[in-house]
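Could you use the hints to bring the two separately framed chains together as a complex?
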Amino acid sequence: MALKLEVRGVGKDFLLPIIESISFRMEAGEFVCLLGPNGCGKTTLLRIVGGIEPASRGAVLLDGLPVQADRRHQRHVGIVFQEDRLLPWLSLRDNVTLVLRPLGLDGAEREARAARYLKLAGLQGFEDYYPGRVSGGMRQRAAIARALAIEPDVLLMDEPFGALDAQNRRIMQQEVRRIWAETGRTILFVTHSIEEAVAIGTTLIMLSARPARIRELIRNDGSHERRKLIDDLNAMIMEEVQRQQGDAS
Amino acid sequence: MRRYRDWAGRLHLPTLAALAVVLAGWSLLARRYGAFVLPAPWSIVTGLVEIVRSGEIWGHAGASLGRIAAGFGSAVAVSLVMGLGAFASRTARGIVQDLLAILNSTSVFVWIVVSLVWFGLSNWAPIFTTFMITLPVVASTLVEGVAAVDRRLLEMGDVYRLTAAQKFTAIVVPSTLPYLLAGMKVGFGLALKVSVVAEIFGVTSGIGYAMNYSREILATRMVFVWALVMILIMVATDKLLFDPLNRRLTRWR
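If you read the sequences in order, they're chains C and V.
Heads up: the first sequence at position 91 corresponds to 1291 in my numbering, and the numbers run straight through without jumps.
Heads up: the second sequence at position 21 corresponds to 37 in my numbering, and the numbers run straight through without jumps.
Chain V extracted, bound-state conformation (with noise of 0.2 Å):
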């Protein structure tokens, strides 16, 4: 029994039946409304494919990767240089914590319409956003991490004579790491929402601008067929990158 429950949770069993349940419904309901409304699972799974076999997803998916990429990468750089600023004074660290506080409490749509005014409409609208979006998000975590190195491991490198080089290399990158990642997760979710919403202003590339693209054209199926698209790299970058990494990171735990 017990090992048929461990089977089970393996292959998410539990999950699988509701999602059964979910598309039968779903099933009917895109029968009652016709596929401009609900268009049918099934017919999603034939649109990914038809839009691998065309080639059309790589060129999109790239898009919106790249300016992800320079989007979140640049907030990831900046995080660090902040994070540093923290550990080394105590009042860059009160600076920097408030300066995220407001940054955190902005909408998504104000940086949308400022990097419109400010960038026109160009690749830049979809970067500026996502970095200004995922900033708060990775430097207020690494900056917690920093403020939660243990001094008195910090201490013990003082009575030791670490110089200040073996502190940070021994002591604070090993235990900021596991939050920068942490940041670094939730960061990489979150841009891969914002950008494709600012996607749907001023560029012809991206995975919102097809999104965009495919409801002005009424085929309401692809429209699904990208937001599969969109949860699939999710959870591949998930699974494939962020997890490994989390792993081998804590290997001592």
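If we strip away everything but chain C, and leave its shape as in the complex, we get (with noise of 0.2 Å):
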């Protein structure tokens, strides 16, 4: 397998030090889930990686360039962020299309472009629908629909399930386990839920607690038992919580 994503030796600090040092590498193809406890610098890293802000040290190659936090970068990469940041004056095609336009794509491809990764998202039919006019579950999928349309290099995604409830959260994982199946894109997906990442991730990377560094890099290849893998996560991550919790006080 070809090498996507490759993190090295990233650190972060603001006023204290968030993320001490972090490396990995990502195949292309990979589906790989960011665990640890809230705060640790999760979501710092996440936009690291999108070029949103600059690390402190270290650098992130995507496809072996470096990826800079500056919009004149070539990157090619889909975020969906916790909240889905649709433009609520847009329908959900429209919310799609206007990210095309900076591709270059005429107005005929951006619609069939829109059409095709709406319905993958599951959302035929409600293309014409503002995003106040729909659920907070078809919200996050027409983020993931966005996300996906510019058939981006790499997907980012940052707790994107965080505001909706339990039933919905499971259908979405589901979702994104098969779109993930059926459009083979690199995906880093940021969690504090175990059992998400669990369910949907081929490789589990574990932080510590602040300042980040990788605790725990586990291959979710079904050589485990889940049952087991879940309780051993449980402990590591009560373990950085509690140390987070000792830390601050």
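I should point out that these hints are in silico values taken from the structure, not numbers from a laboratory.
Everything numeric in this text was worked out from a predicted model, so none of it was measured.
Incorrect hints may have been included.
[Unchecked claim] According to the in silico footprint, chain C covers these stretches of chain V (three or more CB under 8 Å from chain C):
no., segment
1, 171-181
2, 184-197
[What the hints assert, rightly or not] Which chain V residues face chain C? A few, computed with CB under 10 Å, are given here:
no., residue
3, Asp-114
4, Arg-168
5, Thr-266
6, Trp-268
7, Arg-269
The C-beta atom is built at its ideal place from N, Cα and C for all residues, glycine as well.
Below, the structure written as structure tokens:
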């Protein structure tokens, strides 16, 4: 398999050191879940990988080229945020076609692509709805369709189902897994839910308490017994949460 | 019962009932004090019919609206420039906000007197006064709107590499338009009130002039008629211009 993304010694200080040093590699088509206690720097790491924030040290290489927190960089990264971040005054279709404009596609191509990815995300028939008129789960599906529509080199997802109820959350996990299988995209997925990570990821990365480093990297290839894996990870995250809280007091 | 209430609400029945009581009281007082102090309600309606028939209403209302268009229109234009400035730079936003706070606390009368000194007895006095009074109202709501643009949406625009122009038209404009419209609605009401006051001095046309002239020739009835004209213009612009525009802009809500 081809190396897609390399995180090389990335660290970030913001008044305090947030991320100590993190290195890992992602093969094309991999589905990596980043786990860790709340506030340990998962989101910051994702933002650095996405080129939204600069790293204090280290480098992120996408297809061998460094990612810079600079809009001129010709990266192709789709991001699904914790919130849907759809424009409420545009229909779901127009929300998707908008982000296709900078790619230089003509109108017909943009429409066709938007229709294709909205359908893939299970939104066929809702293309002309405004975001305010559909459910939170559907809005998050539209945000996923938008991120996929640019056919990104890597798809970053930052606790995308955090705002959803338990049932919708489970449905969306299956959906993401299916979309991943159908499109073969490389996905980096941040979550603090161990069950979620074990259910969908091919590789699990457990981060430590702040300042973050990698505590454990686990191949979720079925060789581990699922129940035991969840228990082990739960024990690990409890330790880190306690350490982080002890640190704060 | 509920159906009846819906209908009653839609026809403003309670308001109409209150109005009937006020009109009855007004009629009694009018009879007691005479038409010179308080003309009867009905005579005001006939007065309105008279100025519509004679065509007098169009000349004066047109003159007032023309001055409002000039003063308020330029206030909106300058507000747009200020809004753009506030969007482009944080420093500019601070300067604009401080400036508007000063303008906001300046009395109508200051501008009337100042403009009489500067422009003399001319059209420019009401125009300038209207401009100076409505500018802070429109501009401060617009600047507030610019400040309220969701940074997370702009960040989304950056992630998907939208150009500055694309971000401006797709994100900034739609999210500030409701603010601009709200500011314009309040600003227009203010413009009407202020320009009429300024018209008392030095011009020979407009609703304010007509009102003051009526007072001087002891035609109290016509003072009330012109006040009614003002109210009608106000209600008409709200219902026919601002409300439909606002509904159209917020279709997505």
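Each hint tested on the structure:
1. Residue count for the segment 171-181 of chain V with a Cβ under 8 Å from a Cβ of chain C: 8. That meets the three needed, and the coverage hint holds.
2. For the segment 184-197 of chain V, the assignment as covered by chain C holds, since 4 residues bring a beta-carbon within under 8 Å of that chain's beta-carbons and 3 suffice.
3. Interface restraint check: V/Asp-114 against chain C, minimum CB-CB distance 31 Å, threshold 10 Å, status violated.
4. Because the smallest distance between the Cβ of V/Arg-168 and any Cβ of chain C comes to about 6 Å, under 10 Å, the interface hint for this residue holds.
5. The interface hint given for V/Thr-266 is met, as the beta carbon of that residue sits about 8 Å from the closest beta carbon of chain C, less than 10 Å.
6. The closest approach between the C-beta of V/Trp-268 and any C-beta of chain C is roughly 4 Å, which is under the 10 Å cut-off, so the hint is satisfied.
7. Checking V/Arg-269 against chain C: minimum C-beta separation of about 6 Å stays under 10 Å; hint holds.
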